[in-house]
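Q: Residues per chain, in single letters:
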Amino acid sequence: MAPKPIASPVAVTWYPTLAVVMLAIGLIFTASFFIYEATISRKSRSLAKELITGTVASVFLGFGSLFLLLASGVYV
Amino acid sequence: MREMGLRLDVFLLALTILWAPALSDLVLSKVDRRIDLTSQIARITSTLKVENAGSGLVSEVLLAFPESQAKHLAHLTATPNEGKGKVKGSGISYPVQLVHAKDMPPSLTFYSVSLPKELGEGDSFTFDVLAVFTHALKPFPEKITQADIQLLVFQDSAHYLSPYAVKVQTLSVKLPDARIESYTRIENTKNIGSEIKYGPYENLPPYSYSPIVVHFESNQPFAVAEELVREIEISHWGNIQVTEHYKLVHGGAQSKGEFSRLDYQARPHVRGASAIKRLVATLPPRAHSVYYRDEIGNVSTSNLWSDFKKTELEIEPRYPMFGGWRTAFTIGYGLPLHEFLFESDGKRFINISFGCPINEVVIDTLIVKVVLPEGSRDISVSAPFPLKQWQEKKFSHLDLFGRPVVALEKTNAVPEHNQKFQVYYKFNSLAMLWEPLMLIFGIFFLFVTGIVYMHVDMSISKSSASYLAKLQWDEVQAAIQQIRNIITRCLVIHDKVEASLRDLSRTGDIQACKAARKAADGLLKELSKEMKPLLAFLHSSQQAAHLLPKVEELVVKVKDLEERLMVKHSTIVDCYEKKYGGREIENRVASQVQKITALRQEVDDLLEFIDEI
Numbered sequence: 001m002a003p004k005p006i007a008s009p010v011a012v013t014w015y016p017t018l019a020v021v022m023l024a025i026g027l028i029f030t031a032s033f034f035i036y037e038a039t040i041s042r043k044s045r046s047l048a049k050e051l052i053t054g055t056v057a058s059v060f061l062g063f064g065s066l067f068l069l070l071a072s073g074v075y076v
Numbered sequence: 001m002r003e004m005g006l007r008l009d010v011f012l013l014a015l016t017i018l019w020a021p022a023l024s025d026l027v028l029s030k031v032d033r034r035i036d037l038t039s040q041i042a043r044i045t046s047t048l049k050v051e052n053a054g055s056g057l058v059s060e061v062l063l064a065f066p067e068s069q070a071k072h073l074a075h076l077t078a079t080p081n082e083g084k085g086k087v088k089g090s091g092i093s094y095p096v097q098l099v100h101a102k103d104m105p106p107s108l109t110f111y112s113v114s115l116p117k118e119l120g121e122g123d124s125f126t127f128d129v130l131a132v133f134t135h136a137l138k139p140f141p142e143k144i145t146q147a148d149i150q151l152l153v154f155q156d157s158a159h160y161l162s163p164y165a166v167k168v169q170t171l172s173v174k175l176p177d178a179r180i181e182s183y184t185r186i187e188n189t190k191n192i193g194s195e196i197k198y199g200p201y202e203n204l205p206p207y208s209y210s211p212i213v214v215h216f217e218s219n220q221p222f223a224v225a226e227e228l229v230r231e232i233e234i235s236h237w238g239n240i241q242v243t244e245h246y247k248l249v250h251g252g253a254q255s256k257g258e259f260s261r262l263d264y265q266a267r268p269h270v271r272g273a274s275a276i277k278r279l280v281a282t283l284p285p286r287a288h289s290v291y292y293r294d295e296i297g298n299v300s301t302s303n304l305w306s307d308f309k310k311t312e313l314e315i316e317p318r319y320p321m322f323g324g325w326r327t328a329f330t331i332g333y334g335l336p337l338h339e340f341l342f343e344s345d346g347k348r349f350i351n352i353s354f355g356c357p358i359n360e361v362v363i364d365t366l367i368v369k370v371v372l373p374e375g376s377r378d379i380s381v382s383a384p385f386p387l388k389q390w391q392e393k394k395f396s397h398l399d400l401f402g403r404p405v406v407a408l409e410k411t412n413a414v415p416e417h418n419q420k421f422q423v424y425y426k427f428n429s430l431a432m433l434w435e436p437l438m439l440i441f442g443i444f445f446l447f448v449t450g451i452v453y454m455h456v457d458m459s460i461s462k463s464s465a466s467y468l469a470k471l472q473w474d475e476v477q478a479a480i481q482q483i484r485n486i487i488t489r490c491l492v493i494h495d496k497v498e499a500s501l502r503d504l505s506r507t508g509d510i511q512a513c514k515a516a517r518k519a520a521d522g523l524l525k526e527l528s529k530e531m532k533p534l535l536a537f538l539h540s541s542q543q544a545a546h547l548l549p550k551v552e553e554l555v556v557k558v559k560d561l562e563e564r565l566m567v568k569h570s571t572i573v574d575c576y577e578k579k580y581g582g583r584e585i586e587n588r589v590a591s592q593v594q595k596i597t598a599l600r601q602e603v604d605d606l607l608e609f610i611d612e613i
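Protein sequence lines correspond, in order, to chains A and B. Counting from 1, one number per residue, gives the positions in the first sequence under our numbering. Counting from 1, one number per residue, gives the positions in the second sequence under our numbering.
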């Protein structure tokens, strides 16, 4: 079998766009998480809703910051 | 120097007599040697025509080097002779190995070349031998001032030193400059321009040796890297980062006296002819993010050109480097992953150049470190020449266990060692997800901390009045929020009822409208049931006293709104059943509609007020 070149799973040129988009989505979810924490009284807060918002926000922020690192030349 | 050569000559003559008969099967029928001294590296290309004069089959040819040369030997290859055309890059070379034979003169080092086919009686074969020597050119005088030119001395033998008899031989020495201080004259010596020719000499016995010394001007920079550490870091996210740390010294004639920057600036080609002014590194094509810095910081005197075949980086040290002066700097660049990393048979391998990209640099110790991604297994190295090898660990961005590092060491490296080598390893693509997962868990941990902080009751005194008041207030807030939610749901149901009326006017389906009304009635009843305990709680709570009127007003208004809506609904449905005209219906419900709009406005105002609590 002839050697096959290996490329990155995501094209390198997409990294800046992906970083901006995913960080934006992540920050929106973070904002909604903190608005929820601050406005809804302790008794009526739902733990599931908090955890779901937090998870979605951290997934987007996690991938977003990875792509930000890659786009800025820090290849992890 | 000459005396020493003479002594060696006498010694070798004695050897000739002793060992000559031992290896007489082969005869070198023609030897052409070309010594290239145009750079600091001495390259000797010899074209040998071997003839088997004995009866047995011969498959190995011995090459002899005197000890003084053998210790400087950096590279030795035997390649097929391609004639005058010299088409490079056929890539074939014959195996060469060091041999220690007991019946050989101990002052000589022997290498044996394995021929591709065995030579029978009378057969002959022609091949090229390239021997590269470092530090073989000695500056003489050893110390010069800034204004002096650099003179070098090179020693070799005019006769080809070989354990075999040589029938015809010639030697040419190519020098960088036409200016030659002196050279040994023996019979058949010619000097044409910057080239000195010796020979032809005919029918010389084995181990003939005739020392020659060439003393000539050379202002070639003697860039010697005492140590070069190249770090090649693979990231499967699309990059190969190469970082090269140089410890460079000018290995030519030592500088003595003062250095005058003024003289140097005024006439750099005279006052500082042998200084290293700039270095040119030839990087692979599509190299990006190139940088050049030393311990102090960025050195901005550099230029970069690139085309589709290569990227050229020209760098200038902070100061012109005279003999014996040192500098240390770092260059780094990124390379696209897919041009260097490949997969074959379930294994990944990097295929990248081993040596230093800077032209004509001698490297005393070259260490190449290949940093593989975290989680690589079964690492193996394949290189075209022997290397010292060991493994390390490196911690970099987002690492848990450290990245495996393969370190390869080569002493005495020359540009001829710029060959590709491979590092094979196994890697699971899913392991790439470690890095994002670590980031995700890190951020998620922050969110969980926030949730815990907001949920945990951290007051110290659980019985103080203010604490109890706060608890009560929390409960009141929760109750008000629930009431608000219920009212929102009520308003949604009202909207549905209105929507069913609009449907009725469009389709005339009275039954569907009635069904919607029934469903809405049921839901509203349930909601009012839910509301009751909350209102009762607010009544009992002292903290809610000042809010209670507003909340009650809201509840009453909503109830009123609901009733009026239902009246409107019944009226319209009734009219439809009696088949009244549109104008008639409008007249009948006009007053209700007005009131509903007003009430809706009031309810919205009250909701806004409650939201602000």
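Be aware that one or more of the hints could be misleading.
To be verified - Quick partial rundown of chain A residues pointing at chain B, CB under 10 Å, derived from the structure: (1) K4; (2) V12; (3) P16; (4) A19; (5) V20; (6) A24; (7) E37; (8) R42; (9) L47; (10) E50; (11) F67.
In short, the hints are calculated from the structure, not lab data. This one's a predicted model, so the numbers in the text were calculated from it and none came from an experiment. Here a beta-carbon is modelled for each residue, glycine too, at the ideal position from N, C-alpha and C.
Q: With a cut-off of 10 Å, does the beta carbon of L47(A) approach a beta carbon of chain B closely enough for the hint to hold?
A: holds (7 Å)
Q: Are V20(A) and chain B close enough, Cβ to Cβ, to be under 10 Å, as the hint says?
A: Where the cut-off is 10 Å and the nearest Cβ of chain B is about 16 Å from V20(A), the hint is violated.
Q: Next item in the hint list is E37(A). Is there a CB on chain B closer than 10 Å to its CB?
A: For E37(A), the interface hint holds, since the closest Cβ of chain B sits about 5 Å away, which is under 10 Å.
Q: Does the interface hint hold: is R42(A) within less than 10 Å of chain B, judged Cβ to Cβ?
A: OK, holds: R42(A) within 10 Å of chain B, min 6 Å.
Q: Regarding the hint that E50(A) lies at the interface with chain B, is the smallest CB-CB distance below 10 Å?
A: Holds: closest Cβ of chain B sits about 5 Å from E50(A), inside 10 Å.
Q: Should the interface hint for F67(A) be scored as holding, given a Cβ-Cβ cut-off of 10 Å against chain B?
A: Holds - the Cβ of F67(A) comes within 10 Å of chain B, reaching about 9 Å at its closest.
Q: Are A19(A) and chain B close enough, Cβ to Cβ, to be under 10 Å, as the hint says?
A: Given a least distance of 12 Å, the restraint on A19(A) is violated.
Q: Is the interface hint for V12(A) satisfied, with its Cβ closer than 10 Å to some Cβ of chain B?
A: The hint holds - V12(A) has a Cβ within 10 Å of chain B, the shortest such distance being about 4 Å.
Q: Can the hint on K4(A) be confirmed by a CB-to-CB distance to chain B that is less than 10 Å?
A: Hint on K4(A): holds, closest Cβ of chain B at ~5 Å, below 10 Å.
Q: Holds or violated: is there a CB of chain B closer than 10 Å to the CB of A24(A)?
A: The hint is violated - A24(A) has no Cβ within 10 Å of chain B, the shortest such distance being about 15 Å.
Q: So, as I understand it, the hint says P16(A) touches chain B; can you test that by seeing if any CB pair is closer than 10 Å?
A: Result: violated, 13 Å to nearest chain B Cβ.
Violated hints, in rising order: 3, 4, 5 and 6; the structure is consistent with all others.
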